[in-house]
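Q: Here is how the chains run, residue by residue.
2 protein chains.
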Amino acid sequence: MRQENFSQTDVKLDFEKSPDGLVPVIVTDIANGQVLMLAYMNAQSYQLTLETKEMWYWSRSRQELWHKGDTSGHYQYVKSIKVDCDFDTLLIAVDQVGPACHTGTRSCFFTDVIAMREEN
Amino acid sequence: MRQENFSQTDVKLDFEKSPDGLVPVIVTDIANGQVLMLAYMNAQSYQLTLETKEMWYWSRSRQELWHKGDTSGHYQYVKSIKVDCDFDTLLIAVDQVGPACHTGTRSCFFTDVIAMREEN
Numbered sequence: 001m002r003q004e005n006f007s008q009t010d011v012k013l014d015f016e017k018s019p020d021g022l023v024p025v026i027v028t029d030i031a032n033g034q035v036l037m038l039a040y041m042n043a044q045s046y047q048l049t050l051e052t053k054e055m056w057y058w059s060r061s062r063q064e065l066w067h068k069g070d071t072s073g074h075y076q077y078v079k080s081i082k083v084d085c086d087f088d089t090l091l092i093a094v095d096q097v098g099p100a101c102h103t104g105t106r107s108c109f110f111t112d113v114i115a116m117r118e119e120n
Numbered sequence: 001m002r003q004e005n006f007s008q009t010d011v012k013l014d015f016e017k018s019p020d021g022l023v024p025v026i027v028t029d030i031a032n033g034q035v036l037m038l039a040y041m042n043a044q045s046y047q048l049t050l051e052t053k054e055m056w057y058w059s060r061s062r063q064e065l066w067h068k069g070d071t072s073g074h075y076q077y078v079k080s081i082k083v084d085c086d087f088d089t090l091l092i093a094v095d096q097v098g099p100a101c102h103t104g105t106r107s108c109f110f111t112d113v114i115a116m117r118e119e120n
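In the order they appear, the protein sequences are chains A and B. Using this note's numbering, the letters of the first sequence map in sequence onto residues 1 to 120. Using this note's numbering, the letters of the second sequence map in sequence onto residues 1 to 120.
Any given hint could turn out to be false.
For chains that are exact copies, the list does not tell them apart, and a pair is met inside one copy or across any two.
[To be verified] The calculated EDC-like cross-link candidates involving lysine to aspartate or glutamate, where the alpha carbons are at most 16 Å apart (straight line), are: (1) Lys53 <-> Asp112; (2) Lys79 <-> Asp112; (3) Lys12 <-> Asp112; (4) Lys53 <-> Asp70; (5) Lys12 <-> Asp88; (6) Lys53 <-> Asp10; (7) Lys12 <-> Glu54.
Honestly, the hints are just simulated from the structure, not real lab data.
All chains, full assembly: derive it from the sequences and hints.
A: Laid out in structure tokens, this is it:
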């Protein structure tokens, strides 16, 4: 990968707000801003993400570290990380290889609950 | 408000995935897709949101129902609701009145942790 030039700020995240010690991470596509997925990080996966600039999560179902792409090849390369006003949620823009969703769709959000009807 | 024409699909959300019985809700600006904030819903606030087409959350800090805008005037009118592939996260596009963030900024995500440096 091409070496990139990032500026980085030390921020103390609030991992204690949630009873399971995790922070939710909103993942967007750097290409167009689309929301791709939401997953969770603990302190260790956050540290690994900062160090490698690749997305590491904590899998709630498997209860283990999850390096996105290791089994699927669908790696996520970090382009920017923002934190919200009370330091308990992350918004990360990534360069997404292939689909983000395990179902094979680009985004995990493909099911409509409420949608505007098309006007005729 | 102008009466709008929505299509709505019954979807059973998985409120049990999280130890506190809440689902995270990613809120985006219908105008431009910007991620404005993340908050949480329990079953009751989700039902109220579906019924009123205005955003109702569960406040984790106050442990009470929270009708966004009731104290600030910064209401959020629902334009679309999507659910993710495993039915435990919502993505809701809203018409946001004023700033979404209690600090007065449009979005809660105004703090950079990692950013690309400007090339000279």
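Q: Determine for every hint whether it applies to the structure shown.
A: Hint check results:
1. When the C-alpha separation of Lys53 and Asp112 is checked against a cutoff of 16 Å, the pair qualifies only between copies, where the shortest distance is 15 Å, while the shortest distance within a copy is 32 Å.
2. Proximity of Lys79 and Asp112 under a CA criterion of 16 Å is satisfied inter-copy only: 11 Å between copies versus 28 Å inside one chain copy.
3. Taking identical chains as interchangeable, the C-alpha atoms of Lys12 and Asp112 lie at most 16 Å apart only when they sit on different chains, with a minimum of 12 Å there against 36 Å within one chain.
4. Taking the shortest alpha-carbon separations for Lys53 and Asp70, only the intra-copy value of 14 Å comes in at or below 16 Å, while the best inter-copy value is 40 Å.
5. Taking the shortest alpha-carbon separations for Lys12 and Asp88, only the intra-copy value of 9 Å comes in at or below 16 Å, while the best inter-copy value is 27 Å.
6. Proximity of Lys53 and Asp10 under a CA criterion of 16 Å is satisfied intra-copy only: 15 Å inside one chain copy versus 39 Å between copies.
7. For a Cα distance limit of 16 Å, the shortest separation of Lys12 from Glu54 qualifies neither inside one copy, at 20 Å, nor across copies, at 33 Å.
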